[in-house]
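A.B. asks: Put the complex together from the two separate chains, hints included.
This is what each chain is made of:
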Amino acid sequence: EAQVTQNPRYLITVTGKKLTVTCSQNMNHEYMSWYRQDPGLGLRQIYYSMNVEVTDKGDVPEGYKVSRKEKRNFPLILESPSPNQTSLYFCASSSGAGPSSYNEQFFGPGTRLTVL
Amino acid sequence: EDQVTQSPEALRLQEGESSSLNCSYTVSGLRGLFWYRQDPGKGPEFLFTLYSAGEEKEKERLKATLTKKESFLHITAPKPEDSATYLCAVQENYGGATNKLIFGTGTLLAVQP
Numbered sequence: 001e002a003q004v005t006q007n008p009r010y011l012i013t014v015t016g017k018k019l020t021v022t023c024s025q026n027m028n029h030e031y032m033s034w035y036r037q038d039p040g041l042g043l044r045q046i047y048y049s050m051n052v053e054v055t056d057k058g059d060v061p062e063g064y065k066v067s068r069k070e071k072r073n074f075p076l077i078l079e080s081p082s083p084n085q086t087s088l089y090f091c092a093s094s095s096g097a098g099p100s101s102y103n104e105q106f107f108g109p110g111t112r113l114t115v116l
Numbered sequence: 117e118d119q120v121t122q123s124p125e126a127l128r129l130q131e132g133e134s135s136s137l138n139c140s141y142t143v144s145g146l147r148g149l150f151w152y153r154q155d156p157g158k159g160p161e162f163l164f165t166l167y168s169a170g171e172e173k174e175k176e177r178l179k180a181t182l183t184k185k186e187s188f189l190h191i192t193a194p195k196p197e198d199s200a201t202y203l204c205a206v207q208e209n210y211g212g213a214t215n216k217l218i219f220g221t222g223t224l225l226a227v228q229p
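As given, the protein sequences belong to chains A and B, one line each in that order.
In terms of my numbering, the first sequence has 41 at position 41, counting the first letter as 1, and numbering is strictly consecutive.
Counting from 1 along the second sequence, just add 116 to a position and that's the residue number in my numbering.
Don't read these hints as lab results, they were simulated from the structure.
A few of these clues could be false.
As the list claims (entries may be wrong) - Within a straight-line C-alpha distance of at most 30 Å, the following computed DSS-like cross-link-like pairs (lysine-lysine) qualify:
id	chain 1	residue 1	chain 2	residue 2
1	A	Lys57	A	Lys17
2	B	Lys195	B	Lys173
3	A	Lys17	B	Lys216
4	B	Lys185	A	Lys18
5	B	Lys184	B	Lys216
6	A	Lys71	B	Lys195
7	A	Lys65	B	Lys185
8	A	Lys69	A	Lys57
9	A	Lys17	A	Lys71
10	A	Lys57	B	Lys195
11	A	Lys57	B	Lys184
12	B	Lys216	B	Lys185
13	B	Lys158	B	Lys195
14	B	Lys158	B	Lys175
15	B	Lys216	A	Lys57
16	A	Lys69	B	Lys158
17	B	Lys195	B	Lys175
18	B	Lys158	B	Lys179
19	B	Lys158	A	Lys17
20	A	Lys65	B	Lys216
21	B	Lys216	B	Lys195
22	B	Lys179	B	Lys216
23	B	Lys185	B	Lys195
24	A	Lys71	A	Lys18
25	B	Lys175	B	Lys216
26	A	Lys71	B	Lys216
27	A	Lys69	B	Lys216
28	A	Lys57	B	Lys158
29	A	Lys18	B	Lys158
30	B	Lys216	B	Lys158
31	A	Lys17	A	Lys65
Unchecked claim - Not everything, but these chain B residues come out facing chain A in the computed CB check (under 10 Å):
id	residue
32	Gly148
33	Tyr152
34	Gln154
35	Gly157
36	Gly159
37	Phe162
38	Leu203
39	Gln207
40	Asn209
All C-beta atoms, glycine included, are put in the ideal place defined by N, C-alpha and C.
Just chain B, same shape as in the assembly (with noise of 0.2 Å):
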């Protein structure tokens, strides 16, 4: 069965201790691999698509990162304004049709000043 697989669950650092989110997923193939950031209350925000193994994208803080089998979502010196959820997301490639979306439960970050 495809799956996605986040840890730690719940992740508290202190503003400028780097660290990094772990994604695991086991698909067929991957069509795209998705991050997104989650703030109480509301949607969930977009912030990277990766869809290849050594594929990178940055942005500010964070840095995403693909391999065959997982994904890391890294988090350089970060601020408290970066706590929140952190979701990730994958879509099987499957015989080039469009095909469902499957998330992982999400790491909770908190930032402490």
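Pulled out of the complex, with its shape left as it was, chain A reads as follows (with noise of 0.2 Å):
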């Protein structure tokens, strides 16, 4: 089954303690994003990658770091998290085939973290 997944679902942790969030999708594709979603803000792009080693900031990078050392997998870092980082998000590939890279783009299930 085609799909994107995400670890952990669900996370709570403290001001400044280093923590990661994998993504993996099996599918293949070129093209990976990371989104934080928030009441009224929508979906923001956090980075995207367009390949191996091949990575981008999105609207609102600062705070956080990623890392595209295989094709499939995609983990977001955040070194030091802070409060106004508590929120759902959500991991998503895309083949990149059409005009367009983010053509049938898939979402992961989403990571709820809260930081205290």
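C.D. replies: Set out below in structure tokens:
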């Protein structure tokens, strides 16, 4: 089954404690992205990756890091989480086929992060 | 500043009552406009991609259309299972390079039996 998986699904942590949210896709997609979703603000892109070792900032990259060492994995790293990073996070992937790299983008189930 | 605006914020329909959702955008060039459906507690589910003005896509009771300034998602004879939040997103065409994806805040659709 084609899917994007994220772990953990729920996480409660404290300010300053480094954490990593993993993301994996089994569709051999080139493009992957991380988004956060907040009430009233909608989905905002944090980082995206066009291929292995190629990443770029989205709209809200401050406080986040990413890496793309393998095509299937795209972890999101919070080096020193703060309460304003409490949010619902989504990873997504797409093949990049056609004029747009975001065509038929698949989303993961989400990770709900609470930073105390 | 590039912007994607969806209206209305919320819409309540009776089963069978057709309507349209709007997504207006301001970008210097459009590379793609996307519609997603999101159910509570789940990730968005891809519905359509539109690339150029005049283009239309259909899927069951949904039809998406695109002009130079906005897109409409037409829902014909909706059923309660069409209840969800519908999201619009835009990728700008800027110098041929891959660019950011900008989402609207969505329209919450409730279809009552």
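A.B. asks: Given glycine 148/B as an interface hint, is the shortest Cβ-Cβ distance to chain A below 10 Å?
C.D. replies: holds (3 Å)
A.B. asks: Can you confirm whether the C-alpha distance between lysine 195/B and lysine 173/B stays at or below 30 Å?
C.D. replies: holds (20 Å)
A.B. asks: Would the pair lysine 158/B and lysine 17/A pass a check requiring their Cα atoms to be no farther apart than 30 Å?
C.D. replies: holds (27 Å)
A.B. asks: Is lysine 17/A within 30 Å of lysine 216/B, Cα to Cα?
C.D. replies: Satisfied, since the Cα-Cα distance of roughly 29 Å is no more than 30 Å.
A.B. asks: So if I understand the rule, the pair passes when the alpha-carbon distance is 30 Å or less; does lysine 17/A with lysine 71/A pass?
C.D. replies: holds (27 Å)
A.B. asks: With the threshold set at 30 Å, check whether the alpha-carbon distance from lysine 57/A to lysine 184/B stays at or below it.
C.D. replies: Between lysine 57/A and lysine 184/B the Cα gap is close to 27 Å, so the pair holds against 30 Å.
A.B. asks: Does lysine 158/B sit within 30 Å of lysine 57/A, going by the straight-line distance between their CA atoms?
C.D. replies: holds (24 Å)
A.B. asks: Is the straight-line distance between the alpha-carbon of lysine 69/A and that of lysine 57/A 30 Å or less?
C.D. replies: holds (17 Å)
A.B. asks: Does tyrosine 152/B pass the interface check with chain A, least Cβ-Cβ distance below 10 Å?
C.D. replies: holds (8 Å)
A.B. asks: Does the alpha-carbon distance linking lysine 57/A and lysine 195/B stay inside the 30 Å limit?
C.D. replies: violated (39 Å)
A.B. asks: Is the hinted pair lysine 65/A and lysine 216/B satisfied, with a Cα-Cα distance of at most 30 Å?
C.D. replies: Distance ~17 Å between lysine 65/A and lysine 216/B Cα, so the pair holds.
A.B. asks: Are the Cα atoms of lysine 195/B and lysine 175/B separated by 30 Å or less?
C.D. replies: Given that 30 Å is the threshold and the Cα spacing comes to 14 Å, the pair holds.
The structure is inconsistent with the numbered hints 4, 6, 7, 10, 21, although it conforms to all the rest.
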